[in-house]
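J.: Now that you have both chains on their own, put them together as the hints suggest.
As a plain string of letters, each chain reads:
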Amino acid sequence: MLGQVEAAEEALRRAAERGRPDGPAPGDDLQAYFDEVIAADQKIEPRDWMPEAYRKTLIRQIAQHAHSEIIGMQPEGNWISRAPSLKRKAILLAKVQDEAGHGLYLYAAAETLGITRDELVELLLAGRQKYSSIFNYPTLSWADVGAIGWLVDGAAIVNQVPLCRCSYGPYARAMIRVCKEESFHQRQGYEILHTLSHGTPAQKAMAQDAIDRWWYPSLAMFGPPDGDSTHSAQSMAWKIKRFSNDELRQRFVDMCVQQAEILGLTLPDPDLRWNEDRQAYDYTQPDYDELMRVIKGDGPCNRERMTHRRRAHADGAWVREAAAAYAAKRAAERERVAA
Amino acid sequence: MSGRFDFALALGDDALIAAQRLAEWTTRAPEMEEDIALANIALDQLGAARLLLSYAGELEAAGRDEDALAFLRDDREFRNCLLVELPNGDFAVTMAKLLFLAAYQLPLYTALAGCADERLAAIGAKARKESAYHLDHASTWVRRLGDGTEESHRRMQAAVDQVWPYVHELFAPDPAAPVDPATLRADFDARVAAVLDEATLTRPESGWAPAGGRDGVHTEHLSYLLAEMQVLHRAHPGARW
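From first to last, the protein sequence lines stand for chains A and B. Per the working numbering, the first sequence starts with residue 1, numbered consecutively. Per the working numbering, the second sequence starts with residue 340, numbered consecutively.
Just chain B, same shape as in the assembly (with noise of 0.2 Å):
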């Protein structure tokens, strides 16, 4: 990606996709305030992706709106990163997801809020302020697990040695782009290594670095949610809702 429109679908598809998937928790969440805390975080994505795809269709100039952005492309033409499209396995792996994901988007709309393109400039200051809080509750979640019960802690360790080989994607070097990703590693390492250290987590050494997701080759999770996503609208062919 490089140009403002695949930078502006890439967001928007990773934003939009973390929203389904956390909204999957609802009515399944451990208590009632969690699921309204994931249900309030999936609304947030959902809001920050329709602004991003909004513009990312306007820039296309292609006629493509939000819902013929999210609705009627094919697994290979979301830019979505592999991190947001993974299960969401049990409470400890959505919590290492979604500490990795605001720890990264923190610093991405914040960085964004001070772009050249004003469009953008307002939707990282609007989204910023959105991935405070996420991050604080991930982290708070993540400090709870680790430093819980032995059993909370077996399986946040886990979490973490699952997911974080899909964080290094986030980061893969990119000049063009309105922010380049490769500038908010350093900040995203600092915020994560004090919360897994207050948590007693490690984070593994694994080299497994997996990618593709920028350039539209998933995993395999992925068309399985976009066939439930999309199914309805694509049932009804130009239909309005």
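Just chain A, with the same shape it has in the complex (with noise of 0.2 Å):
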């Protein structure tokens, strides 16, 4: 995965050496020119001209995106305070934080599309934009943190390592720094997994009753099956999106079933077995009625994760208050010592 991530690293930069095809000259057909730069592999960039349902897709997609790593500090952050050594208090600490950079990364992408990160705040906490489906689930035992990591950091990245070649940059951009960091809180997921599946009986209990909550939740990440999914064939043909909801699923359940044996943990699907003839695993697709039970909002967490942001930004009001007052202060000052 990481491998990947590196080889559209390099990619971006090969491209960027290549040079652009030249810029549409003034009477152009501007789509023309778009369509010219997704064929041939380059990147949108903020200054160029695209089409409006576009410019709608990506910001709906990568503020999602944003919201789902700022609404996934919660169900992690529930253990900061309980976690059982002081390394792994640190560890967990560490990725929390990281996740608010990855938020404020992506936000920042989302702002080059013209729109602000208030403005994306807002839309969240009216509950009129979405964050992942996953954060709706509790962590009631440390090994849930074990399991996020593995299972949620897992599926997030084989979803994302394809973003790191989507045809916006600087949403491509994010993603190449997000998913290094992401693959590293993956690895450390699987280290607590292994650790309590190889420590006393309770330990490992722990982490199968983990896994046993955790795994479908995982696939249903992917998102809903091929035929349902509404902006796929579009995102597909504009560059976003490279491989369909189904295709990705298969790609981490069949990367998952060996990680498992190695763990000497099972994954809850007595139907899990390998189909010699397509090369892959089959399994128990998750239950999307559950799933969009959750999107819509009746998930275990919704209501506490949603109270719990807005609580935090209204807490805060006269913090960002006191802030904007001093700087204006300040500035003030700084005219009266020019003038």
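Incorrect hints may appear among the rest.
Unchecked claim - Pairs of lysine-lysine, DSS-like flavour, derived with a Cα cap of 27 Å:
| # | chain 1 | residue 1 | chain 2 | residue 2 |
| --- | --- | --- | --- | --- |
| 1 | A | Lys87 | B | Lys468 |
| 2 | A | Lys180 | A | Lys130 |
| 3 | A | Lys87 | A | Lys180 |
| 4 | A | Lys239 | A | Lys56 |
| 5 | A | Lys87 | B | Lys465 |
| 6 | A | Lys239 | A | Lys130 |
Because the hints were derived from the structure by calculation, they are not lab data. This one's a predicted model, so the numbers in the text were calculated from it and none came from an experiment.
T.: Shown next as structure tokens:
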């Protein structure tokens, strides 16, 4: 996976060195030029003309991605105060801090499309933009921190590595940075589970229980099956998306089966087995009705996650106002001195 | 405290409990940048705590490592100052606590960096750079809040009034310690006075000087903090994580 991220980074560098097709001359068809850039696997940059629907799709997708990083701090943040060793506490704290950083990169990428972070945060708080459904599940034991690292971050990486080659330059570049840190987190999550599964019987049971609860929500992270996916065809044509939901889900399953064996833990699917003809594992699909319920707001933690975010935002209002007032005073002072 | 074990333990406990409180802010900060900053400072404190507690464990030579010291002592055995265990309160209280802690730790670690004990000197040399950053961050916010809006000024002054009495304990004389805390007071006062002054805040005139942390006599807050911090570790005796 990390190899693919590095290859995408290298491709990005080579494309920049090749130079782009000459910009459109006055009076040229802007759409034709846009299509030419996409066809040549070059990047669309903020200064370029782009179809309004391309801009809107990207804003929706990048914002949802950014919101997921911010809301996604909550389930893991839940265990920082109780982490069982000082080393694990430090690793978890650093990981949650990285997620806030990923949120910032992604909001900055979205801002290049002509919307502000404040507007996006308002849309999240008003419930008008979504975040990943996975963060509406509770973290009930320490092993959940490991399961989130291994399965949730693993699914996120499988989803996001192809985005390192996405046609919108700022998003592709953000994803390269995000994926490098995410694969580090995924390894750490795997290591937590490995330690637990080789520890006491109670620790091993804790690890198995976490995998049993996180497996299907992680499979559902790839979205509805291809037949029901609303944005896919257009996103593929624009080279925002490179593989279908089901292709990526299959890739994830194939990766996890082998890793679960090394862990000595089982995936909670009695019908999981190697299919010689397809050269891939057959598996039971997640419950997509449940996925739709969670996306619509009725998962176990939707209300708590949103209430928590809204409260933090509201409680911090006086601090942000103070910072703005202080900055205005200093700016006025500098003007007086200059005058 | 006076021996090197007691000294390293007290400083390690200060940093550990401060880290635990700062980390409680994760996902709750007023803005995303501040979420990152507070987690960053918590990580620095936790890093210093691990170095100091590991060294304390070696000095004690009773087989206790950083985790045994952090997770298997009760509140009567903790040696942190009361300041760091006080609840976070609002953002102004947290910044008042951080300002006072950093203004104490910076000269402390700086002095430690020149002390005769090589391990403590190395820890001091590393930690003082981090403390300088913490002090800068807290000072910036205390100025912003003190000289921001009417409400933020009121809250920041209330926070200083609430927390100030707890700083006196930090400077109780201990001539036998590797660095006598009493020698740090003048530096602390000068730094804090400059920040409060710029922030249009005043230092309270209260004569109340609560103490006891260094003797393991804490506020009522510490045992709740430890109950949460230690619950999982204590539930699985002898397990590796």
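J.: What hints, given by number in increasing order, does this structure fail?
T.: none
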